[in-house]
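Colleague: Protein chains in written order, with the numbering used here: chain G, 1 to 364; chain W, 1001 to 1503.
Rather than coming from a laboratory, the hints here were simulated on the basis of the structure.
Keep in mind that a hint or two might mislead.
To be verified - Distance condition first, Cα-Cα at most 25 Å in a straight line; then the derived BS3-like pairs of lysine-lysine:
(1) Lys1230/W with Lys1185/W
(2) Lys81/G with Lys1365/W
(3) Lys81/G with Lys1175/W
(4) Lys1336/W with Lys1175/W
(5) Lys1230/W with Lys1175/W
(6) Lys1185/W with Lys1112/W
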Amino acid sequence: MNAQEPALQRLIDHVRTAAHARAPLAIRGGGTKDFYGQAPLGEPLDMTPFAGIPSYEPTELVVTARAGTPLDELEAALAQKGQCLPFEPPHFGARTTVGGMVAAGLSGPARAAAGAVRDYVLGATLLDGRGEVLSFGGQVMKNVAGYDVSRLLAGSLGTLGVILEVSLKVLPVAPATATVRFAADAAGAIRMLNEWGARPLPIHASAWSGDTLTVRLSGARAAVEAAGVALGGEVVEPAAAASFWRALRDQSGGFFAEARDALASGAALWRVAVPSTTPPLALAGTSLVEWGGAQRWLVSRAPAQEVRGAAARAGGHATLFRAEDKSAGVFTPLAGPLERIHRQLKASFDPQGIFNPGRLYPGL
Amino acid sequence: MKAPPRSESERLAAAEQRSRRRAQVVAALSADVPAHALLWQPEDTIPYECDGLTAYRQQPLVVVLPETEAQVAAILRTCHRLEVPVVARGAGTGLSGGALPHEQGVTLSLAKFNRILDLDPFARTARVQCGVRNLAISEAAAPHRLYYAPDPSSQIACTIGGNVAENSGGVHCLKYGLTIHNVLKARGFTVEGEPVEFGSAALDSAGLDLLALIVGSEGMLAVITEVTVKLIPMPQLARCIMASFADIRHAGDAVANVIAAGIIPAGLEMMDKPMTAAVEAFVHAGYDLDAAAILLCESDGTPEEVEEEIGRMVDVLRASGAHGIQVSEDEPQRLKFWSGRKNAFPASGRISPDYMCMDSTIPRKRLADILIAIAQMETKYGLRCANVFHAGDGNLHPLILFDANDPDQLDRCERFGAEILEESVRLGGTVTGEHGVGVEKLSSMCVQFSPAELEQMRGLKRAFDAKELLNPGKVVPTLQRCAEYGKMHVRRGLLPFANLPRF
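Chain W extracted, bound-state conformation (with noise of 0.2 Å):
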């Protein structure tokens, strides 16, 4: 971490140099965009000072908003020239920090990339800027019977740019997959400011699949203008069970039980007794309030094909202890089922002033020893954790409780937060599943992947950015940052080679 300015003359004179940054950099935007698009008096910057992960904030040296590629080309050019970092943002839903400004850096907001520039039925596919909503490319396709199919619980705000950068997942990527898997074609610009295309409109592209890395890349590699994405077909018809289970255990059995039974089901998330209060009281879904764990698990297809699948569901549900189920009659229905879980993050925070939302993955089989984990590391940190999971691939998002006015809870719940993800790495899993490791999960990093694997990302980024200009600082930690950190990487199996370099 950056060291703070020790005395009062020094401050003084790094906010002089920072002010002088500032005009020079102001200047030079000035030929590039009008007036209105650059944002540079502290009161005008604010609002960009944090992304959803509020408890990092920084204010960037300024905020460019452009209205068009060629503008994204010139400031690309500019901050090239004059070495300013920049840091692309979309909506700043992100979770992890990731649009986080650079004190000395550029923030450049994609917000007015908002239109949906072609939407063909024919090939269902839909061309679209990156700020255009995740939620309002599906609305578009609706009238064709189609949909765009990951839905990430922030889909009502969160952009698509947004989803490239971190590839998000939703609810439903069990099934129907992630943003890579959904994602024909990303156009935008290198660091330089030249226009550049990953992936195309067939299948695959030549050469290397690039689109695989810069999915999930969280704008460290290239800075995304416009997105293709596939849309499928609505299912005819879409139903959910919500199943309550008196022990945790029994509702993770219940999952690897479907599964073996050959199901993947369109939707399968669980929340555990904490969550299911927090949400009754904000939905009032008629969750089971005495239940250790509810299950929701979809299925969607032809009416004949959900008809067969949610009774093969029931059974495997009932075998593996579920002692309450109730299968969703109509759409309203179902929706309401699904309202809690898609709610649990604004529940949360109407039962605490603040909460900090984990990410890692799991194997399956081990929820219920993470759970256990977590609940052993509530009493150590003295907080309190709700947990929803994306039991079907795994993904667990504890949610801590605390009140960042007072910093020993946000110290504690920053350590509870970075022992669950360890835990995590430990039980074979990783960090981040979907919200990405931004700033906020960089020395988990180092506890999850060895020196010279981290040394292999940098120089992987460096293949696109050789100055390291775009959203710098973020994702892969230096390995002195690791050094102090003191946590060697403990990946199971792997054991760390002897031959290897120590910093």
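Extracted from the complex, chain G is given alone in its bound form (with noise of 0.2 Å):
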């Protein structure tokens, strides 16, 4: 990356007056996730021209992209050399960028088999709040040369710095798919899937909801094959399958269509966070259990005291996703250690804090 390029030399431009102004920025690249986490605030920094795909070397697995880049641009870079994004990062349209995917850290239904975004990240390359280019990590599989700060953007919702490119590991797409539905209660389905799991199944995906569990498998044809066989049920045919998955990635139909409804009238999208053991959590509303138990999205006019302290006794957080109400806090609260190291690396990375303020946690 070269300093003296135009377009990263306005980012620099703007990212100093800013700093010496201390006035807020809020980064943005498609703005397809605005509705994640507390409303951005501050004049919008466009990253949308900030775009492009510098290197991709299939025998590598690796590809570093620009943040402005559209995702389904890389998705497509990756799809012509057979390989892909293996956490199956969601589109909340067409605008998705792969800045905002980084950022936002969220994974779609593979992540309990394949991993999150977080796990692919190899490099990044970010603007700090001095409005100085700094690289972290690099674009091998394994490289322990100083702190991991590239992984530490992935989810920081953009509040450490601007996320200028990053490198990630890619994968081969696998020879075989197969998808197979059973019916199940929601502690029926927990179970089942958590006793799959300790066996070498190709279990990619699972998804319970209503009194339907559906499962994708994938992998080596023969495994998919044999593993077909041993789990049984009834097999979805290829393309209802595909659109199934996509609308599910993209919380585009089915349940979360039903969610934004109840949206409107009062109610909040949870996800909640928990050990993929967790039985059925006891809070009313409709939920839908993905990654083999351990994410559990909840439709509920439930207070948010609740749904955080039956996430908490399990072992894990929620994150009031969507809701019209933020005033209780997007992320389960910090506190302690935690929270100080929060503020003190916020201001180690924006000593101004002039990034996305308040979008993680209010202060921050």
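Using the hints, put the two standalone chains together into the complex.
Modeller: Okay, structure coming up:
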């Protein structure tokens, strides 16, 4: 990356001016996740002009993309070489960008099997709150030179700096995939998924809602065929299966469409992360269980304290994913040393507090 | 580096001051732990003077061996109050001097934290104390047909706490990931002695992903006493291909071709000719001694899946120029294939009084370039070098053979090693793939990172440890040290900025 490049120079100037004036900047890609976290505050810093794929080496399993690159474009480039982003990032609209994907740190249905965004971040270049361009990590699989700042950026919601460019590990698309369905209640589905998880089966994604458990198998042809026989269930036709998983990933149909309607009348959509073996949560509302039981979506009118209490008792946490009223805080509040470390980390990257203030936590 | 005291009287004064400080620290820690948990007589602290990197030695002021978390908290509170550096230590198998004691510091040995607290086969997790050995976790999980995936070569001795500190990998990490990908939660204490948890028993936790920072932080940010790891089902079957190549370039191309064919092998390792000769003499595995390079290529999964994948890999390896191919027929034979690779370090110890193991990562396609450069350096520095390579993920371990009793050889060895690291950075890689920076690669960090980047890392440390008492002097070099080292950072592509303050 060349600091003299006009697109980068404009970003640097913008950040320096804002830092000087202590004026908040709302870092923005496609704006498809404006709903996530607390409302963006400050002058928008448009990242979409800072786009492109400077390097992609299929045999190295590494791609480097600029923050403003549309996720569609990156995925199309990978697909041409039979590769993919294994964490299946959601597209909450056609304008979703690579920078937004990393900053939000959200992963899709394959997360429990394949890992999260952060697991695939190999390196990042960012613009800190002083307007310095800093690079951490690199374009290689194994790298322990210094602190792993690039992985820290995944899910930081832009509070530490402007992500300029990221290098990601990519993998080949699995040769075979199949989707099967089972009738099950929530407790039964959670039990089945955890039992299967202890067996060497190519389970790649799972979703339970209503009274149906849907499971995706993915891997070598022989392994997928053998697992299909071992598990049984009703086979879902490939085209229908593909659209089911895509809608789940992008929260565009079924459970999530109904959730949107409930939102308009005052309910909230919660993302509850718990250990996969946690029994169904005793909370009012409708739910969808993903990630082998480790991610529970909940549409509910229950008070935030109740939802967070149930999550905490199970050893997890609850995020107010979509809601009209976010006064209860979007993310589970931090206390003690974690809260202090967050504040001090923020100050070390962004001493004037200009990047996405309050988006993650008040005062951060 | 610290300047040695100039005169005899200064040396005496420094020794006296250190002895007074020791008395003060011992007295304070006596309130925190029983007498048998405190070591401070030189003959008792000698075993702690180095880790696996034996070329660097330093006796600590005091060694303390707590047995409970409450004692760890109390020790940290005391050290924080007295502003005494604290160096946490596991099994001492680290290869970069990460557990090298601090002259004025306490070495906190966590060896007694060696219990597996909970193993849940249904949830497929194990909650273990930091001093539990890596292999002990898989052994405990084996009756459930589960195991802990990262398998560094030192796994019979190294501890999970050390693995977390270094983000250790192993020979299977291309497919199964590094420590970071297999750890859910790390519990421990801040430098002030407050209990803290990073990550959670769920797949993520609220706020910034601090677990991602803690893993690989070399004991600089917190003291970890308990780790929750993921366990995964054992594959039904694993088979290994051993392929010989007459030309190291062909072996490098074969690695790229396997991956281009859409295959992610469970393990993909390479040894060069000198290394093959050394390990064959040690383990008698039947390696091809005439080959320029040996490639070990493993497939695991269901029997059908393995057969399919082995077939595809054999085709690719042949097409890439392999002249000898053997596929393991059973488990003993598979383990025999691996025995040499797993024993590369002890085998090197047999053919040379000492060796220094380097640990850079390069883009795989630059393998031949770096090996040719290393061959030239062997002539330049008058020392031999044998190479093992985690070919799947580009992590190269050149072992430079030397005699530490000859100060000139040690000096040449260090310069040889530094040049390998600089060449790796120039080729687009990194100075350490899995062994950590420790003290060994401090100067090389100046080559890989700009002053502003190093300054940010220092700021990050201070966010956890404002007084810089946890393992001070490791990982992040001072800008002064970089100036003295005299080599500017050379990272590809990103030119040094004209407007940066220069030291």
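Colleague: All hints are to be evaluated individually against the structure, with a verdict given for each.
Modeller: Consistency of the hints with the structure:
1. Lys1230/W with Lys1185/W: holds, 10 Å
2. Lys81/G with Lys1365/W: With Cα atoms ~18 Å apart, Lys81/G and Lys1365/W stay inside 25 Å; holds.
3. Lys81/G with Lys1175/W: holds, 19 Å
4. Lys1336/W with Lys1175/W: holds, 21 Å
5. Lys1230/W with Lys1175/W: holds, 15 Å
6. Lys1185/W with Lys1112/W: With a Cα-Cα distance of about 20 Å, the restraint between Lys1185/W and Lys1112/W holds, given a limit of 25 Å.
In the structure shown, no violation is registered for any of the earlier numbered hints.
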